[in-house]
Amino acid sequence: MDRLNALMERFEMDIEPAAPEAANLLILGDEVGQPCHVVLRGQPDGRCGDRVVFAARVSWGGIANPLMQALPAAVEMPLKDSPELVGLIAFLQAEIEGNHCGGPTVQRRLGEVLMVRLLRHQISRGSTEPGVLAGLSDLRVARALVAIHDRPGHGWTNADLAQEAGLSLSRFSELFAAAVGMTPMAYLRHWRLTVAHQDLVRGDRVEQVARRYGYGSSEGFSRAFRARFGVNPVAMRQPRAAA
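Numbered as in the working numbering, the sequence shown ends at 243 without a single skipped number.
Hints were generated in silico from the structure; no laboratory data involved.
Bear in mind that the values here come from a model prediction, so they are computed numbers and not experimental data.
Just to be clear, a hint being listed does not mean it is correct.
To be verified - Just the calculated beta-carbon pair ranges, DEER-fashion: (1) 223 to 91: 49 to 59 Å; (2) 160 to 105: 39 to 49 Å; (3) 72 to 2: 15 to 25 Å; (4) 91 to 216: 43 to 53 Å; (5) 22 to 217: 45 to 55 Å; (6) 128 to 86: 23 to 33 Å; (7) 100 to 171: 47 to 57 Å.
Note that the Cβ used here is the ideal one computed from N, Cα and C, for glycine as well.
Build the full structure now, drawing on both the sequences and the hints.
Written out as structure tokens, the structure reads:
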């Protein structure tokens, strides 16, 4: 079970090197510049040193991405037990300093690898606050979340998702709501509208999107969309460019 794959495919991650004061991703180094700590959306606290050896601005779907919304105000990961990440960061620094052909592309890809490792670390730690992070941290709830993320147009029922989680219906409903902060069907509706919004912006027709995500009619989909986003779905649609 891949807890991040559907989110990685749905939301484009953009990582651009930035000045430390404008960055939300910092790699900190010790007194000799050896990378020792990664901080996302936080500030150096002197734990291993406050020398910034890499700084970048990371965006990953904005408020539409439920995982980014569920992350704590600051996400930190020590590097003392991750020599492979220290090596990756050294490679990243060399790309930045070397000014090679294709450097910006390589920097973004390496930054993406670093972000995935940071997210894995945070998922393994879990969360005390309800949200997708807490849900993905519980392997039972995560199975249902991954099923929803992977196949939002499927006609999921509570019983189907409980089976995915390997739990009784009552126990599943209780655990899911406690972890995610909403019922399974509420989260399914939320995710469907999130991905429907993306599809409309890309130029898909309202009728196609409504059918794709399990709505019986365009009218029902439009009502749900207006309730969530405050606009008619047709207003979001961007005509596809001619080939």
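Here is what the structure says about each hint:
1. 223 to 91: 49 to 59 Å: 51 Å, holds
2. 160 to 105: 39 to 49 Å: 41 Å, holds
3. 72 to 2: 15 to 25 Å: Holds - the Cβ-Cβ distance for residue 72 and residue 2, about 23 Å, lies within 15 to 25 Å.
4. 91 to 216: 43 to 53 Å: 51 Å, holds
5. 22 to 217: 45 to 55 Å: 46 Å, holds
6. 128 to 86: 23 to 33 Å: Given a distance of about 30 Å, which is inside 23 to 33 Å, the answer is holds.
7. 100 to 171: 47 to 57 Å: 54 Å, holds
The structure is consistent with each of the numbered hints, conforming to all of them.
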